[in-house]
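Asker: Next come the chains, spelled out residue by residue.
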Amino acid sequence: MNDTVLVIEDEVIIGELVKFNLMMRKIKCSIATTGQEGIEMFESLNPSIVLLDIRLPDIDGWDVCKKIKQKNPDSVVIFMTAATQLKDREIAEKMGADDFIEKPFDVNDLISMVNKYRISR
Amino acid sequence: MNNEFNTDSTSHSTSATILIIDDQPKNLAVIGDYLMKCGFTVIVSQTGEGGLWRAKRFKPDLILLDILMPDMDGFETCRRLKADESTRSIPVIFMTALTGVEDKVKGFELGGVDYITKPIEYEEVLARIKTHLQIVNQKKQLEIQASHLEKINAQLNKEISTRKAAQSELKKLNEELEHRIGIRTEELSKIAERLRLTNVELQKANSELRKIDDIKTEFVALASHELRTPLTSILGYAQTLAASDLHLDNSTRADILSVIVSESKRLASLIGNLLDISKIETRNFRFKTEPFDISDVINEVISALNLPANFPLVVHNAISKNCRAVGNKDQTGQVIRNILDNALRYVNENGKITINVNETEDFIRVGISDTGPGIKPEEQKKIFDKFYRIRDEKKRSIGSGLGLSIASKIIASQGGQIWVESMYGEGATFYFTLPKEICDE
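Heads up: the protein sequence lines correspond to chains D and X, in order.
Every letter in the first sequence is one number past the one before it in the numbering used here, and letter 51, counting from 1, is 52.
Every letter in the second sequence is one number past the one before it in the numbering used here, and letter 79, counting from 1, is 982.
Incorrect hints may appear among the rest.
What the hints assert, rightly or not - Below 25 Å or equal to it, Euclidean Cα-Cα: the simulated BS3-like pairs (lysine-lysine) are:
| id | chain 1 | residue 1 | chain 2 | residue 2 |
| --- | --- | --- | --- | --- |
| 1 | D | Lys88 | X | Lys1114 |
| 2 | X | Lys1119 | D | Lys88 |
| 3 | X | Lys1074 | X | Lys1119 |
| 4 | X | Lys1114 | X | Lys1009 |
| 5 | X | Lys1009 | X | Lys985 |
| 6 | X | Lys1285 | X | Lys1119 |
| 7 | D | Lys68 | D | Lys117 |
| 8 | D | Lys20 | X | Lys940 |
| 9 | X | Lys1191 | X | Lys1168 |
Unchecked claim - Pulled from the structure, derived: some chain X residues nowhere near chain D, Cβ distances all over 10 Å:
| id | residue |
| --- | --- |
| 10 | Ala1030 |
| 11 | Arg1083 |
| 12 | Thr1101 |
| 13 | Arg1131 |
| 14 | Thr1132 |
| 15 | Asn1253 |
Please keep in mind that the hints were generated in silico from the structure rather than gathered at the bench.
Keep in mind it's a predicted model, so treat the numbers as computed, not measured.
Ideal placement from N, C-alpha and C gives every residue a C-beta, glycine not left out.
Could you build the full structure based on these sequences and the hints that come with them?
Answerer: Written as C-alpha cells, this is what we have:
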C-alpha cells in the first residue's frame, strides 16, 4: 500500500479543496470524479486511504466501497457525504466503511481524521 | 202402582210417558191399564183439544191417537201436533177401526209413524210402542251424538279458524319481516356501496398524499444534499484561507476567494431556484394567464443578460404581427432565461445562439439552438429531472440542476410542451410551445 489518499468525488470543486489542503500538508493525493474511475485508480495507486462520496454519477459510493474492500480489505474507506441519514450510514457500515465525515465538513477535522488513519497503520 | 207392574224387561220404557187420546173412556182405560202394567206412565185425554194441551204440558214420549173423534178428529189433532214446534217430534201412532188404505196413507202423510187397528192386539201395541220408543231413543241419542259432534265440530272449526287466523297473522308478520329485511338489506347494501366508494376515494386521496409526501421527502433530501455541496466548498475554502500553517501567496489567496464568491453566488441562486420550484410544486402560487407578445419577452430577457454587443445571438421571428401566446409573461421569461443560461454555459468563444419563433395552428413554438457540445441520447431523457446536471469536458458540473426542471414545470402548467433535440457533438436545440390566442380574423 502507498501512503497516498484517493479522493472519489464528482464535485470537482470539493475534490480540489481536499487535494489542495492535503498536498499543502505534504500528503499525496489523487482525484477521481466517477465511481469507475475511482476503482481503476484504486487498482493502479493502491492508496492506504480512500475518501469517498456516496452520490456519484455512475456507481454509487456503497458499491465502490464494497469493490475496494474486496480488492484490499486493509485500505481505509472514509465516506464524505451530505446524506447523513441513519440508513445511509448503516448501508455504508455493511459495505465495510471505516469512518464518516459529514458535509459541510471542517477541513481541519478532515485532515486530523486522515492523519489519524495514516499514523495508526 | 207402576212398580207393581214393572215386570217387563224393557227397562227403557218404564220411564217413558205415553199420551193416549181417545173419545171412548173404555178404550182409554183398557189400553191405559195395560200400558201402566207394562211400566209406562200414562196420560189420557178424551178430546183432541185436551190431547194437544197435555202433549204441550207433559211432553210425552209417544202419543196413541184415535182417528175417529167427534170434535177434532185424529188427523186434525196430528196436524196441529206437527204444526207446533214443541210437540212436533213426539211420535204419533194412530189407532183406527178403519181399514181403508186411504186413511193409513193420510195418517202417514200427516206425520204419523205407525198405526194400529182396533180391536187392539195388546202385544202388537206393546211391540209397536217399544219399537217407536226405541227409534225415538236412538234418534235422541243420535241427536245427542250429533249435537256432541256438532259441538266438537264447532270447537274444531273454532280451533281451525283460530289457527288459520294465527297462521295468517304469522304469514303477515313474516311478510312484513321479509319486507323489512328487504328494505334493510337494500339500505345496508347502499351503505356498503357508499362506504366502498368512500374507501376508494380515501385510498386514492391517501395514495395521492403519500405520493406528495414522497416527492417532498425526496425533494428535501435532494435539496439538503445540493445545498451542502456549495456550503462545503465555501466553508472549506474559507478555512483554507484562514489556516495559519499554510503560507499561501497572494495569487492563491485571490483564486480561493474567487471560488468562495462564485460558490456563494451558486448557493444563492440554488436557494432562489428551490423556492421557485417549491412554489410551482405545491401549487400555492397560481400564475395569472393572459395573452402576450412572445417577441417582447424574448427581447427583455436578452437585454437583461447584458451580453457583449457583438455576441452572436440571433432571433428569427416567423410569426404574424398580431399573433400572441397565452400564458404567464414573467414565468415564460424565466423559461427563456433558464434555457439561455444553459446555452451560454456550454457554448465556447466561437459558438453562437439562435432563437427561432414559429407558429402552428394552435401553438407558438420557440426553439433555442446552441453550438455547444450537444447532449447524449441517454442524458436527453434525464435533462428535465430535478438536480440533474450535465458534466462538461472538464468533468465540472455547473448550474443548480434545477433550471430545466423549473422550465418544464412552468411550460406544463401553461398547457405547452418542452423538449430537446440534439446530436451529440453538434449542439442542442430546446423547444417549447405555448397555446396561441384565439382571435377572429
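Asker: Hint by hint, say whether it matches the structure.
Answerer: Hints and how they fare:
no.	hint	in the structure
1	Lys88/D <-> Lys1114/X	holds, 21 Å
2	Lys1119/X <-> Lys88/D	holds, 18 Å
3	Lys1074/X <-> Lys1119/X	violated, 65 Å
4	Lys1114/X <-> Lys1009/X	violated, 118 Å
5	Lys1009/X <-> Lys985/X	holds, 14 Å
6	Lys1285/X <-> Lys1119/X	holds, 19 Å
7	Lys68/D <-> Lys117/D	holds, 24 Å
8	Lys20/D <-> Lys940/X	violated, 163 Å
9	Lys1191/X <-> Lys1168/X	violated, 30 Å
10	Ala1030	holds, 129 Å
11	Arg1083	holds, 58 Å
12	Thr1101	holds, 36 Å
13	Arg1131	violated, 4 Å
14	Thr1132	violated, 5 Å
15	Asn1253	holds, 25 Å
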